[in-house]
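J.: Next come the chains, spelled out residue by residue.
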Amino acid sequence: MKRRNILAKLVLVAVGLFYVLPMISMARFAFQRVPVALLGWNNLFDRWTIRPLFTMMGNPIFQEAAFLSVRLAVLSAMLTLIILVPTVVYVHVSMMRARALVEVISVLPFVVPAIALVVGISGAFRELAPWFIRSDYSLVPFYVIIALPYTFRSIDNGLSSIDVKTLVDASRSLGASWTRTMWSVIVPNIRVSVVTASFLTMTVVLGEFTIASLLLKETLPLILAQSQGQDPQGSFAVGLVLLIMTASLLGLANRFSRRRNITQPVAML
Amino acid sequence: MSSELSFSGVRKTFGEVVALDAFSLDIQQGELVTLLGPSGCGKTTALRVAAGFEHADSGTVTLKGVDITAMPPNKRNMGMVFQNYSLFPHLSVSENVGFGLKIRKHSADKRQSMVDEIIARVRLAGLAARYPHQLSGGQQQRVALARALAITPEVLLLDEPLSALDAQVRGELRDEIRRVQKETGVATLFVTHDQDEALAISDTICVMRDGAIQQVGAPRDVYLSPATPFVARFVGAMNEFAGVVAADGSLALDNAAGSLAGRSFGVGGTKLTFLVRPDDVVVCAASEPGSLCATVNTVLFGGSTTVVRVTLPGGLMVGALVMSRDVTVRIDDVVGLRIDITRGVVAE
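Which chain is which? The protein sequence lines are A and B, in order.
Per this note's numbering, the first sequence starts with residue 1285, numbered consecutively.
Per this note's numbering, the second sequence starts with residue 1055, numbered consecutively.
Simulated from the structure, these hints should not be mistaken for lab results.
Cβ coordinates follow ideal geometry from the N, Cα and C atoms, glycine included.
Do not rely on the hints blindly, as some may be mistaken.
Unchecked claim - Some but not every residue of chain A turned toward chain B, in silico, with C-beta under 8 Å:
#1 Asp1447
#2 Thr1450
#3 Asp1453
#4 Ala1454
#5 Arg1456
#6 Ser1457
#7 Leu1458
#8 Gly1459
#9 Ser1461
#10 Arg1464
#11 Val1469
#12 Pro1472
#13 Asn1473
Using the sequences and the accompanying hints, generate a full structural model.
T.: Here is the structure:
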């Protein structure tokens, strides 16, 4: 037993190092003005500065890209919730037998390569609505799709922990419309799942490169990739901050999903 | 008098399964009607059709003469109490009870006074600020009842509201439901599989089986004069005397256990079973003429009444309900059984 505990801890440390060491390297490259060739134990903590971060963030092109990515993240999260929450509620209330099929559909974005998705959809819209493909916001539906495997599970887990059908019936019997039932009864009881799904969507959006690149949109990940040649330190600095931000978002999402609000219990029975 | 709620020839199927078949029932103002039957008999389906959660394949449902068959559930003004409480976990007791009133756009003051009144009516004053997870099962069900009544419904629908509660709480809440229903005078449709509950609480019992009505009547009539063998067996305990009708019309019991005479059971040679309640079986002296000979097997004391179980020749077990103060027999005593053959139901 003791040997197993030690082994488990060793694995945990190894995984932690595997994750943290590249970030430390990124931080050293981004924030320390000492070339690698000259780096030694005696100057390991010398000449650290966060100026590269501010330089990058002061760049108008970077600011525009960051602002665009944030807008896309928020819009994608909103669209995900608007489409997914009512759909999954409907599945739970009226189509439980189809839940397995819906679950399979939700993981299709893993199977379909991003390039196939973009080529297929943009090809169709170029004929039907070219103005849509030209707009930066054409990325939103793509982001909703690629975030689907994560967001569906989050919402589905939240709904599985409450008696959705009975809550809906109770609400309707008291005179509430479907909209009122969703807003006043269902969503407050899956708030944790809704927040988690939002965080997950934002995380996906802030890190997505392929689709934005294929559609020639200047989102934050694209600008960072392009900046590597001109301002590598700035690019790495922002990349590291972004990595920490998305990791924090995921950590918060995980914490939310575990935390049970004492005044708003998730499970009824 | 026009019915408050009326089912007329309602049929509902789920694929191949016929959940309701030509279901017709009227519920009057102030009446508590219980749908009683085993699992799968269609009683909950009937309730859900009334509530609007299921749509009838054919037939009509009317409320005060208005056809509501196709009306969505949120327009029917029916209060419903569910088996598993169904309180909104994120709302307090007060907010749960006031939910329907908020939808109906009552002012905050009026809503609060109505909520306070109904909470007091179900004897939950002082718990208004609590949340469902802070309440016991019985308290949660009282809140559910208050919430359903707060909207002043035309009809109150109760879907096995006591099933999830323990025996003592069940009894208390059953009486509470009846008291509140009488006070408010609301027409009520109550679904249960528990016959004791149905007999205790109802003005009218509707016994169902396989989607069809077997009998509708007052609890006393359903118990004492069951219309079919199914009703006889389902509502209350029954002794079953199987045998063959003799030439003189008496019933010759199987395994030479004796015979039941004094009425004609039908055509000679017919095989049938005669169902008799333990209340209609009297334990007497073995020497009494016309009695069946039996040996006492068990004596089950149940407070004011005792069930004396006897074995007839051939192994047939019969139960007799006796007032405890009149019990004089012991196990292995040889006794006589006198059956009231004017009661009971013949099953072929």
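J.: Run every hint past the structure and note whether it holds.
T.: Hints versus structure:
Against a cut-off of 8 Å between C-beta atoms, the interface hint on A/Asp1447 holds, since the closest Cβ of chain B lies about 6 Å away. Interface restraint check for A/Thr1450: the shortest CB-CB distance to chain B comes to about 4 Å, inside 8 Å, so the restraint holds. Interface restraint check for A/Asp1453: the shortest CB-CB distance to chain B comes to about 6 Å, inside 8 Å, so the restraint holds. For the restraint placing A/Ala1454 at the interface with chain B, the shortest Cβ-Cβ distance is roughly 4 Å, inside the 8 Å limit, so the hint holds.
Evaluation of the A/Arg1456 hint against chain B yields a held restraint, the C-beta minimum of about 5 Å falling below 8 Å. Hint status for A/Ser1457 relative to chain B: holds, with the closest Cβ pair at about 4 Å, below 8 Å. The closest approach between the C-beta of A/Leu1458 and any C-beta of chain B is roughly 4 Å, which is under the 8 Å cut-off, so the hint is satisfied. Taking 8 Å as the C-beta cut-off, the interface hint given for A/Gly1459 holds, the closest approach to chain B being about 4 Å.
Evaluation of the A/Ser1461 hint against chain B yields a held restraint, the C-beta minimum of about 6 Å falling below 8 Å. The beta carbon of A/Arg1464 comes within 7 Å of a beta carbon in chain B, closer than 8 Å, and the hint placing it at the interface holds. Checking A/Val1469 against chain B: minimum C-beta separation of about 6 Å stays under 8 Å; hint holds. The interface hint given for A/Pro1472 holds, since its Cβ lies 4 Å from the closest Cβ of chain B, which is under the 8 Å cut-off.
Restraint check, A/Asn1473 versus chain B: the minimum CB separation of about 6 Å is within 8 Å; hint holds.
Hint compliance for this structure: no hint is broken.
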